[in-house]
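Next come the chains, spelled out residue by residue.
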Amino acid sequence: MSLFATFNSIAFVVIMMIGLYTLIARQNLVKKTLGLGLFQTGIFLMYITLGVRDGGSAPILQEGTDLAYSNPLPHVLILTAIVVSLSTMAVALALIIGVREEYGTIEADEIATIDRAEAKEDHEA
Amino acid sequence: MSDPVLLINVILLMIAVGAAIAAMWTRDLLGAVMLMGIYSLLLAVEWANLFAMDVSYTEAAVGAGAATILLLTALTRTGTREKAGPNFHPTALLTVIVTGAMLIYGTADMPRFGDPQAPATVNVAPEYIAQNVGKVDAGEDGPENDFGDHVPNAVTAVLASYRGYDTMFETAVIFTAGVCVILILRPLSPSARRETAQSQEGA
Chain A
1 MSLFATFNSI AFVVIMMIGL YTLIARQNLV KKTLGLGLFQ TGIFLMYITL
51 GVRDGGSAPI LQEGTDLAYS NPLPHVLILT AIVVSLSTMA VALALIIGVR
101 EEYGTIEADE IATIDRAEAK EDHEA
Chain B
1001 MSDPVLLINV ILLMIAVGAA IAAMWTRDLL GAVMLMGIYS LLLAVEWANL
1051 FAMDVSYTEA AVGAGAATIL LLTALTRTGT REKAGPNFHP TALLTVIVTG
1101 AMLIYGTADM PRFGDPQAPA TVNVAPEYIA QNVGKVDAGE DGPENDFGDH
1151 VPNAVTAVLA SYRGYDTMFE TAVIFTAGVC VILILRPLSP SARRETAQSQ
1201 EGA
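From first to last, the protein sequence lines stand for chains A and B. Its first residue numbered 1, the first sequence is counted upward by one per residue in our numbering. Its first residue numbered 1001, the second sequence is counted upward by one per residue in our numbering.
Simulated from the structure, these hints should not be mistaken for laboratory data. Some hints could be false.
Derived EDC-like pairs: lysine to aspartate or glutamate, alpha-carbon spacing no greater than 20 Å straight-line [unchecked claim]:
1. B:1083 - A:101
2. B:1083 - A:115
3. B:1083 - A:109
In silico negatives: residues of chain B with every beta carbon more than 12 Å from chain A [as the list claims (entries may be wrong)]:
4. 1056
5. 1109
6. 1171
7. 1189
8. 1192
9. 1194
10. 1197
Every residue, glycine too, gets a C-beta built ideally from N, C-alpha and C.
Go ahead and model the full structure; you've got the sequences and the hints to work with.
Encoded structure:
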C-alpha cells in the first residue's frame, strides 16, 4: 500500500532520468530534443500528482453538492508549461534543420569533428 | 488498493514508462517519434484519470498532436536514421543514478498520493475554490464579478483572473518562437547569398 501511495514520486523521477540519460548518452540532436521533452513531462507528472485528493473530482464546481475538488492551481501552471514546451521544441527543431543544412549531419560528435577540422585549417592558413 | 484512481494511475504510468524507454532505445527516429506520440496519449489519459481535464485536452492536442506533427516535419528534412553507437554510456549512467537518488531522497517528505491533509490541498486549494464558488450562478442577488456570474470551471477562473498577464505573455512566447522558426528556416535572399559567396571567396 505504501509503495503504491508513493508510486508517482518514484515514477516522475524515473521518467525525468530516462530523458536525462538520452540527453547525455545519445549524439543525435533530434533524440536529444525528445529526451528534453520527456524530462519536462516528468515535471508535469509531479505537479499534477500534488493536486490529487482522495475522493476529489475535477475542479468544475457544481451547485448544491458537497464534492471535494482537486487542486486547480497545478493544472493552471502545467497548461502554461505544456504550451511553452511546444514553443521550445519548435525552435530547437528549426535550429537542427539549420545545422543539417550547414553540416550535412545531426550527430553532435560528427559536428564537433567538422568544427575542429575547420578550426585547424584556419589556424594553418 | 481499493482506490480505482490509484490502481489505474499505476498501470498507466508503467505502460507510459515502457513506451518512453522504447522511444529512447530505438535508433529509428520515425519509430521514436511515434512512440513519443503514444507516450503523450497515455499521459493524456493519465491526466484525465487524475481529474486534470484541461491538462488532458491540452496534452492530447499539443503533446500527442502538434508536437508529433512538428517532429515528423523536421524528420523529413533531417533523415530518420540515428547513427549506430554504444547504448551504454558510463558517465551518463553515473549522472542519472546520482541525480535520481538525490531526487528520490528529496521526495521522501512529500505527502502520499491523494492525501487530504497535504499542504497544497489544505492551505492553497480551498481559497481558490471558495473564491470561485461565489461566482457560480450567483443570480441577481449574488456578488458582482467579471464572468457573467457563471464560470464553473475553477481552472478557467484562476487562469483568467490570477494568471491573465501570464497567459497574455504566453502568446508572446508562441509568437517569438514562430518568428524564430521563420527566421532560421527562411531561404537566403539573392543579395544575401551573393554576399555570403563573396565573403567565402575572400577567405
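To see whether the hints hold, each was checked on the structure:
| no. | hint | result |
| --- | --- | --- |
| 1 | B:1083 - A:101 | holds (17 Å) |
| 2 | B:1083 - A:115 | holds (19 Å) |
| 3 | B:1083 - A:109 | holds (11 Å) |
| 4 | 1056 | violated (9 Å) |
| 5 | 1109 | violated (10 Å) |
| 6 | 1171 | violated (9 Å) |
| 7 | 1189 | holds (16 Å) |
| 8 | 1192 | holds (15 Å) |
| 9 | 1194 | holds (18 Å) |
| 10 | 1197 | holds (15 Å) |
In summary, the numbered hints that this structure violates are 4, 5 and 6.
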